[in-house]
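Protein chains: 2
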Amino acid sequence: MKAIILFGHGARDARWREPFDRLADLWKAQYPNTPVELAFLEMMAPSLEEAVGSLASKGAAQISVVSVFFGQGGHLCNDFPVLLQACQAKYPQIALSATTAVGEDLAVLQAIVDFAARAL
Amino acid sequence: MKAIILFGHGARDARWREPFDRLADLWKAQYPNTPVELAFLEMMAPSLEEAVGSLASKGAAQISVVSVFFGQGGHLCNDFPVLLQACQAKYPQIALSATTAVGEDLAVLQAIVDFAARAL
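Chains as they are written, first to last, in my numbering: chain A, 1 to 120; chain B, 1 to 120.
Isolated chain A (complex conformation) (with noise of 0.2 Å):
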């Protein structure tokens, strides 16, 4: 079974959190099958870890990490593999797999593009 973590950053203040609790329940309506599970970097649960493992235990054989950061800076490019490698080896029976950061996808720009171009 496949099965996609949504990767934040992680705030202190709860509200943050409110649009990764929309974009779980998104893909939920939309692919019923594959499950999710959100992780944050820091400053909010669960970790990583916590969720590959909460994933492992549903029966998930591939997990792909999505990176919901805007840019591909100094936690994407140094922390995050050395979490997602201590991930794998504690998981080793599961493959795991990253993506780009979400801001590298160009319809992720264009839809913000839009955005802005609707608050003119």
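Hints were generated in silico from the structure; no laboratory data involved. Source: prediction; values computed, not measured. Take the hints with a grain of salt, since some may be wrong.
Residues on chain B that point at chain A, a partial pick, calculated with CB under 10 Å [said to hold, decoys possible]: (1) Asp-13; (2) Leu-23; (3) Val-36.
Backbone N, C-alpha and C fix where the C-beta goes; we use that ideal spot for every residue, glycine too.
Model the placement of chain B on the given structure of chain A, informed by the hints.
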């Protein structure tokens, strides 16, 4: 003249900025008559005040500040209104307005879901 500012968090790593530069380039290609500036909350230049000043010097009378953040946590709910008010006080001749975070927009979230689905 109307103008927009794409306002992001900023990061230590210069690579983080790339999607913001691409966003500004997309905007310039599609809305060449509406000047755009990037601005950052911290760790990157220009600041919001510097970006407003730059657009003011180009003759902007109305500026829409688009928060390129996923969530509305402490930065957007607490820090940003203070910054915006300070800019408005410094440039009283400009009508400054602000959008919600782009992560509140359903079309942006859907583009992220579509990206995640392609990654499966």
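Results of checking the hints against the structure:
The restraint placing Asp-13 (chain B) at the interface with chain A holds, with a minimum CB-CB distance near 3 Å, inside the 10 Å limit. With its C-beta approaching chain A no nearer than about 5 Å, Leu-23 (chain B) sits inside the 10 Å limit, and its interface hint holds. Interface restraint check: Val-36 (chain B) against chain A, minimum CB-CB distance 8 Å, threshold 10 Å, status holds.
The structure agrees with every numbered hint stated previously.
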